[in-house]
Amino acid sequence: MLVTHMLRTALLLGLFAIVGTGLVALTFKYTEHPIAESERDALLRSLHALVPSGSHDNDMFNDVLTISNREHLGSDMPMRIFRARKQGQPVAVVIEAVAPDGYSGNIFLLVAIKHDATLLGVRVGKHKETPGLGDDIEIERSDWINSFVGKSLSNPDVSGWQVKKDGGEFDQFTGATITPRAVVKAVYKALMFYQAQGDMLFVEGKQHG
Amino acid sequence: MDNRYSGISSDGLWHNNIGFVQLLGLCPLLAVSSTVINALGLGLATLFVLVASNLSVSVIRNLVRPEIRIPAFMLIIASFVTAIDLAMNAWLHDLHKVLGIFIPLIVTNCAILGRAEAFASRTTVDRAVLDGFMMGLGFMLVLVLLGGMREVIGQGTLLANAHLMFGSIAENWTITLINDYRGFLLAILPPGAFLGLGLLIAVKNIIDEKATKPTVVETMLATEQN
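Line by line, the protein sequences give chains X and W. Numbering (the numbering used here) for the first sequence: 753 to 961. Numbering (the numbering used here) for the second sequence: 28 to 253.
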């Protein structure tokens with residue numbers, strides 16, 4: 753008697769689990785494609801904001817290389833490098849990098865570097881910096897991030913690649929020095945990475961790396 | 028418990044409001060109420076989960092055995108939350124990114140399991156759905172109110188980032204109430220959420236007190252009769 757009672761109860765719970773899992777599976781099936789598309793759209797918007805669509809003629813989103821390099825890109829995770837070309841000639845790369853020493857953890861960056869090693873621009877992705885203080889690194893909140901446009905390893909020189917408080921060229925924010933300091937450092941490292949790798953980053957063979 | 032429709036409604040919206048009276052779901056309430064749009068997004072998601080879980084729990088209330096009711100309710104709630112998490116990721120991608128972990132965390136909002144256990148599992152489907160809707164609406168209103176307060180005091184705007192939810196037509200819905208406002212950081216940071224919620228609860232208590240206190244005339248009449 754007790755055994756049948758237990759069995760029935762267990763079966764009932766099993767049934768609920770199956771129905772619940774079914775609901776989730778069904779939702780997943782119908783949202784899988786839109787989610788991938790939304791993610792692609794969001795990334796494409798950032799890519800195109802950095803590399804004007806007229807300056808290249810390839811599909812940057814699919815012309816991608818994956819590299820993990822803790823020293824220069826700030827994380828052991830595989831980072832994507834999107835390549836922009838015009839008629840097969842290298843135009844620019846957009847490098848995913850991480851500033852690991854933000855005020856609250858990792859700051860994800862997209863660093864766009866022109867073929868001549870000057871910066872096309874930088875955008876901030878996911879981060880957990882203090883709202884109202886550190887989040888001025890977002891383009892929506894202030895144009896600080898545009899101070900990178902046109903800069904390169906030699907402009908300014910090494911000592912200039914710091915926030916003003918540390919004797920460099922880049923502004924810090926009132927009440928938030930750690931955040932911009934981390935971003936400046938990460939962008940500088942990404943430029944070093946580009947200098948070290950050079951045209952290797954444009955090698956066609958690794959197209960779908 | 029008041030089982031009439033009007034009673035269920037006034038319980039959810041006012042007398043037994045999740046945010047003001049039961050003080051449940053404080054973690055998401057305090058974490059995402061920094062702007063109206065964030066608050067509205069989480070409020071709507073919670074509302075949907077509450078209605079759906081109350082409905083399902085009420086439908087199966089005679090089927091489920093007491094020993095397994097809590098795991099069964101959790102299964103139902105977790106399934107709906109995962110479904111809405113996926114749906115928001117697909118169709119409200121940017122808002123989903125802002126709300127982040129707080130959408131999946133709706134599962135742990137004890138208000139939802141609380142309504143399932145204390146109300147929906149003991150009543151008819153129509154009452155359960157109404158209860159879920161009114162409780163969810165009450166919670167959402169508190170979220171939006173607190174979000175509005177914090178947004179105005181913190182950044183001097185209302186409806187900033189409305190396009191995250193309503194698409195490109197909402198690009199210029201942002202109302203700047205105070206020009207050249209440097210912002211008041213306390214309101215945006217977590218302590219501001221606690222202070223704001225505390226003030227709102229105080230206001231609610233004052234209103235309740237006023238409503239139940241007899242008027243001067245009534246008091247005089249009462250003393251005369253003595």
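Simulated from the structure, these hints should not be mistaken for laboratory data. Heads up, some of the hints might be wrong.
Below 20 angstroms or equal to it, Euclidean Cα-Cα: the simulated SDA-like pairs (lysine to any residue) are [as the list claims (entries may be wrong)]:
id	chain 1	residue 1	chain 2	residue 2
1	X	Lys-880	W	Trp-118
2	W	Lys-124	X	Phe-925
3	W	Lys-124	X	Asp-887
4	X	Lys-880	W	Ser-36
5	X	Lys-878	W	Leu-82
6	W	Lys-124	X	Glu-791
7	X	Lys-878	W	Gly-225
8	X	Lys-781	W	Leu-51
9	X	Lys-878	W	Lys-240
10	X	Lys-937	W	Leu-191
11	X	Lys-878	W	Lys-124
12	X	Lys-781	W	Leu-212
13	W	Lys-124	X	Ala-869
Residues from chain W that keep clear of chain X, each with C-beta distances beyond 12 angstroms, as calculated [said to hold, decoys possible]:
id	residue
14	Tyr-32
15	Glu-94
16	Phe-107
17	Ile-202
18	Leu-216
Model, not experiment: these values are computed from the prediction. From the three backbone atoms N, C-alpha and C, an ideal C-beta is built for every residue, glycine too.
Which earlier hints can't be squared with this structure? 1, 2, 4, 5, 7, 8, 9, 10, 12, 13, 15, 16 and 18
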